[in-house]
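There are 2 protein chains.
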Amino acid sequence: MSEDRLSRVFAALADPTRRDLVARLASADATVGELAAPYDVSLQAVSKHLKVLEEAGLVSRESRRAPVRLEAEVFDLMTKWIDRYQQQAEERYQRLDALLEEMQESTPSRESAREQDAS
Amino acid sequence: MSEDRLSRVFAALADPTRRDLVARLASADATVGELAAPYDVSLQAVSKHLKVLEEAGLVSRESRRAPVRLEAEVFDLMTKWIDRYQQQAEERYQRLDALLEEMQESTPSRESAREQDAS
DNA sequence: CTCTTTATCAACCAAATGGTTGAGGAATAG
DNA sequence: CTATTCCTCAACCATTTGGTTGATAAAGAG
Numbered sequence: 001m002s003e004d005r006l007s008r009v010f011a012a013l014a015d016p017t018r019r020d021l022v023a024r025l026a027s028a029d030a031t032v033g034e035l036a037a038p039y040d041v042s043l044q045a046v047s048k049h050l051k052v053l054e055e056a057g058l059v060s061r062e063s064r065r066a067p068v069r070l071e072a073e074v075f076d077l078m079t080k081w082i083d084r085y086q087q088q089a090e091e092r093y094q095r096l097d098a099l100l101e102e103m104q105e106s107t108p109s110r111e112s113a114r115e116q117d118a119s
Numbered sequence: 001m002s003e004d005r006l007s008r009v010f011a012a013l014a015d016p017t018r019r020d021l022v023a024r025l026a027s028a029d030a031t032v033g034e035l036a037a038p039y040d041v042s043l044q045a046v047s048k049h050l051k052v053l054e055e056a057g058l059v060s061r062e063s064r065r066a067p068v069r070l071e072a073e074v075f076d077l078m079t080k081w082i083d084r085y086q087q088q089a090e091e092r093y094q095r096l097d098a099l100l101e102e103m104q105e106s107t108p109s110r111e112s113a114r115e116q117d118a119s
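Protein chains in written order, with this note's numbering: chain A, 1 to 119; chain V, 1 to 119.
Heads up, none of these hints are tricks.
DSSO-like cross-link-like pairs, simulated, lysine-lysine; straight-line CA separation at most 27 Å:
no., chain 1, residue 1, chain 2, residue 2
1, A, Lys51, A, Lys80
2, V, Lys80, A, Lys80
3, A, Lys80, V, Lys51
4, V, Lys80, A, Lys51
5, V, Lys80, V, Lys51
If you are wondering where the hints come from, they were derived from the structure by calculation, not from laboratory data.
These numbers come from a predicted model, not from an experiment.
Build out the structure end to end from the sequences listed, making use of the hints.
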């Protein structure tokens, strides 16, 4: 599945330096050297980070020395995953709220024939 | 900053088992034991996973043996981060497309006075 | 073709991660 | 209160990760 893909994407973005690279690439393509300049780690370290981003499909390059480009489509994969569960969770809360309201309505000691619960 | 928070959230979701836990918790709260049952790893391992999710703020519990609950608000943090750069990147592509169109229009050798570009 | 610049590969290291087992600490049942 | 059940802590292990330095490959400039 794209199970594995998602794992690599999330793992890639779990590192602050890599998130910063993504952030910078969102505003302009850049070469490895340019990207590495601001950080106080070696060029090789940044090269490794880019490799991780590349293998996650977040970034691409046409050739060795070509500028690195952000691959924005991958974001869809994440938002899809997130949205699904966020929505599901929110629905649950809404159902819970409704249930609580019901319970509050039936708490007042009057147990007249309104609201028979079919449990 | 919440830099660190974001790192922990992404790192937490980089593991397939943990994503599955989140997925299951989206449909119903559950105790540690219930959550652990389906996997073929030890209860302790699952307990560790839950700790990671908890420290990332993705999950919470009122007491030791209480059911684990999904903390849906954290998703906002992620979607905010993602949306920002996705949007930024898309805007760039649109500008690039516009530029390419302009270039194509001006390529045909006719260099008449239409379309002065104000750089 | 040769030289220089730019990026990657390789080997290594310390720290973090995901797993194990065994012992111990809370909650609940009796 | 005591016993049992559920969960966490501790120590350990193998693998991965993020970093280093040094050597090497590929692209451009002369």
